[in-house]
Amino acid sequence: DTEVTQTPKHLVMGMTNKKSLKCEQHMGHRAMYWYKQKAKKPPELMFVYSYEKLSINESVPSRFSPECPNSSLLNLHLHALQPEDSALYLCASSQNRGRGDIQYFGAGTRLSVL
Amino acid sequence: DAKTTQPNSMESNEEEPVHLPCNHSTISGTDYIHWYRQLPSQGPEYVIHGLTSNVNNRMASLAIAEDRKSSTLILHRATLRDAAVYYCILKIQGAQKLVFGQGTRLTINP
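Each protein sequence line maps, in turn, to chains C and Y. Just so you know, the first sequence maps onto residues 1 to 114 in our numbering. Just so you know, the second sequence maps onto residues 1 to 110 in our numbering.
Misleading hints may appear alongside valid ones.
As the list claims (entries may be wrong) - Here are the in silico distance ranges between beta carbons for each label pair:
{"hint": "1", "chain 1": "C", "residue 1": "Lys-40", "chain 2": "Y", "residue 2": "Asn-23", "range": "20 to 26 Å"}
{"hint": "2", "chain 1": "Y", "residue 1": "Ala-65", "chain 2": "C", "residue 2": "Lys-41", "range": "24 to 30 Å"}
{"hint": "3", "chain 1": "Y", "residue 1": "Thr-52", "chain 2": "C", "residue 2": "Gly-14", "range": "48 to 54 Å"}
{"hint": "4", "chain 1": "C", "residue 1": "Asn-70", "chain 2": "Y", "residue 2": "Glu-15", "range": "44 to 50 Å"}
{"hint": "5", "chain 1": "Y", "residue 1": "Arg-58", "chain 2": "C", "residue 2": "Gln-95", "range": "16 to 22 Å"}
{"hint": "6", "chain 1": "C", "residue 1": "Arg-97", "chain 2": "Y", "residue 2": "Lys-69", "range": "36 to 42 Å"}
Everything labelled a hint here was simulated from the structure, so no lab data went into it. Beta carbons: idealized from backbone N, C-alpha and C, even for Gly.
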């Protein structure tokens with residue numbers, strides 16, 4: 001099973017709402033990632049969790065708050081977002097094995113901020 | 001972040017081979033070359049990776065130049081399902097992250 005599951009698939013929220021994106025994998029991977037992808041652009045890394053600890057934060061605004069409750073789950077909590085935060089949010093996981101490491105991606109959550 | 005250069009777009013015909021080039025002239029001796037692709041409305045998908053020698057798997061082949069300053073992803077017999085954006089990425093030593101460039105948008109004609 002090489003599946004990374006993201007929920008919900010689509011999300012519409014207002015600028016004052018609080019919502020969460022969820023990501024789950026059961027491949028025993030110890031690294032998990034959040035990427036943001038705007039339309040017609042490549043994915044951009046936001047956060048990396050390694051062994052359930054935050055190892056990389058690419059200077060993401062605090063209105064995005066990641067959480068890794070256990071090695072299989074990754075959440076992204078959203079609060080007071082702006083319309084320009086509308087994008088496809090991708091989750092990925094990997095074994096965390098260095099340069100030969102392979103990342104497995106979910107299908108993403110398409111977020112619209114009104 | 002190590003940089004790669006790819007053509008913005010390429011077009012090929014179904015059942016013909018496709019050669020997708022990537023230049024990475026600043027590659028260091030320990031960087032791995034990874035290829036991912038992203039089909040419409042999906043997340044990126046791993047295709048293949050290599051260090052120095054040519055590599056084959058069920059999806060594609062990776063040909064790496066002797067000086068490692070360029071590489072070519074080869075799809076041996078393209079199908080309509082291979083239409084996607086293909087990303088060539090250098091994975092540097094000690095780095096967990098993938099840095100995606102603009103990629104090549106591959107169109108396959110029936």
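query: Taking each numbered hint in turn, which are not upheld by the structure, reported in ascending numerical order?
result: Result: hint 6 breaks, nothing else.
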